[in-house]
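Residue strings, one per chain:
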Amino acid sequence: MGQTIVQKILARATSRQSVEVGEVLEPAVDTAMSHENAALVMNQFQEIFAGLGRPAKVWNPNRIAIIFDHRVPAESKKTATNQKKIRAFVAEQGITKFHDIRGDEGGICHQILPENGYVLPGYVVVGTDSHTTTHGALGAFAFGIGATEMASVWALGNVLNVEVPDTIKVVVEGELPKYVQPKDIILHLIGKISAEGANFKVLEFHGSTIRNMSTSGRLTLCNMAVEAGATSGIVPPDEETIRFLREEAGVTGDIELIAPDEDAKYYQVVEIDASSLVPQIACPHTVDNVKPVTEVEGLKVDQIVIGSCTNGRLDDLETAANILRGKKVARGVRMLVFPASYRIYQKALELGYVNDLVKAGAVVMNPGCGPCLGVHQGALGDKEVALATTNRNFKGRMGNPESDVYLCSPAVAAASAITGMITNPQKGGF
Amino acid sequence: MAKVIYKFGDDISTDIIYPGRYMATVLPSETPQFAFDDIKELNKLLNSEKTDETRVILAGKNFGCGSSREQAASCLKGHNLTIVARDFARIFLQNSINLGLRTVICPEIEAEVGDELEIQNDKVINKTQGKEFPIVPLPKARQAIVDAGGLIPYTQKILKQRMGIE
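Sequence lines, in order, name chains A and B.
Once you know that position 58 of the first sequence is 678 in our numbering, the rest is easy, because the numbers rise by one and skip nothing.
Once you know that position 85 of the second sequence is 361 in our numbering, the rest is easy, because the numbers rise by one and skip nothing.
It should be emphasised that the hints constitute simulated quantities derived from the structure, not laboratory data.
Listed below are the simulated DSS-like cross-link pairs for lysine-lysine, each with C-alpha atoms no more than 27 Å apart in a straight line:
id : chain 1 : residue 1 : chain 2 : residue 2
1  : B       : Lys353    : A       : Lys698
2  : B       : Lys337    : A       : Lys911
3  : B       : Lys337    : A       : Lys789
Generate the whole structure from the sequences, applying the supplied hints.
This is the structure:
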C-alpha cells in the first residue's frame, strides 16, 4: 500500500518502514516552537520534573524555538513579566533558536521559522500555536499542540500518542486570474468543506496551481488549513522549496525531497479550478462562511488590516503597495499594516513599499501578531467592521464581540482601503 | 447525576471560551474566572454558584475550534464542568484530555437547559426527556493518557523509565 507524505514522515520519525492510518506513535520532534505561551509550558515542564526529584532539563536546546510575537512590545506588566521569565529560562537551558523583540531578527513565529531555515522537508514540527500548520508549506508534518503537550516534548523529545491521520488530497488546477490569490484558494476550500471538514485529517495540496505557486503562497494555504479543522496542511516539497530554503532561508545542508507514493490512499479528493475563482470573503463569525466578493461588495468598513502569519509577507505588502501607490486610504477608514517579520519590514523599506503605504495613509506597525487576536493593538469599536487579511473572524476575535471581522486577500484589502467599502479589485481602476 | 446549565450551537471557538485578552494569564488556577467572559450571564453563573452537582455545558459540532490556548481547557476544568458536544476540535480535545477536563463526544445528543443527564461509559441518558444517546469513544491515542490521570503523570512515567528511576 502506498503512503501519503505524512505517513512517510511519521515512519521516518519512528524509524519504521511504513505506518498505517490510525496507528498510535511517539514520533521524534525536529523543531518544537512556542511563543509567549512558553510561560505556561515552563510551568508545566517544571511540574513534570518536580515529581521526579531531578533537575528540569530540556531534551535538546537546539531543537526548541521561542519567538515573542503575540504581544510585542509588551502591552501589560503581566506580559512583560512573562517575557522576562522566559528570557531567564532560555538562558538557563541554553535554548538557541530564541527571537526576542528586536528589529534585526524578530517577527511572527510562523515567518521566523521558515525564513531562518528552522523547518526542512520531512521534519516533524510541533508548536503551541494552532497555525503551526503553516510549516507544511515546506514539506514538514507540522501541527499545533497545547502547552502541557509541549512540556512533555521539551522533556522527552517525542510527541506522545500521535494517531496517524487520514489525508485529504486537494488538487488545484489552472492559472489564477488577476487579483485572485492563494488566500482565495484556501478560503474557497474552507467554505467548501466547512470549518470541521478536515478535523483530525491532513490537507495535502497538489496540482499545477500549487506547483507554480511561490513558497509564500504555500505558507498562506497551509497556515489556514487549521481553519478547516485540519491537523496539518502540507505541500510536497519541490524545486521551489529548495530555492526558498537556499536563497531566502540560508540553508546550506542536505535537503531531501519527500514525496507521497503514486498509489497513496486518500480519505477524500477535493478538486478546485483556480481559473474560475473570484476573490473570496469569509463573513462573520465563522471562517467557513465564505462568499464570492461579488456578494458582499459595497459593505462599508472601518478598519483594514494587512498582515499576520497568513498574509504579512513581502509579496503581500507588494500587492498592497502596487494598488495604493499614489492613491489615498478613504477618510474614516483606518488602515493598519504589520509585516510578518523585521526581515520583511527591512526589504519593504528598501523596495519603497512602506513609503507607498504610509503616503497613502496607512499606519505601518511593528512586526508581530498585532490586532489579529485582539490582545494588543487595533481593537474595534462597537458595531465596527474590519476587513482583514488575517485568519480568523470569530466573534470577539479582534477584541470586541460587538464588532464584525471579514477576511480577504491582500488585493481585496488594499482596494477596499481606497473605496472604504468591500471592493473587488478586478473591477478596474486598480 | 448531571445538569445542563448552558446550551451552545456549533463552532464555539476558544476566543469565546477564553478571550485572547486574558492569554497573559497562564497559571491553570488563575484562569477559571475568565471562562466565557464575553457571555456575561454564563461567566457570572460559573463564578457565583457553588455547587456539588455536576454541571454540563452542551454544545454542537466543532466545540473548541481555533487557537491552541490551553487556558480554554483549564478554565473549564477549574469550574469542574463536563462538556458534552456533538464533536470537538482536535487541539481542544487533546488539551482537555491532557489536563483532565471531562469531554463527552455524543453526536446525536438532544437536551435543553435544566435537563438531568446520566453519563455512562457508552451513552448519555437524558432523564428529563427519557431518551438515550450513544457516546463515541475518545481517540484511542488519548485513552492511555486519561487512564494515567493526565499527560503530566503519563510523561513522568515515561521519563522515569528512561532515567531508570524506580
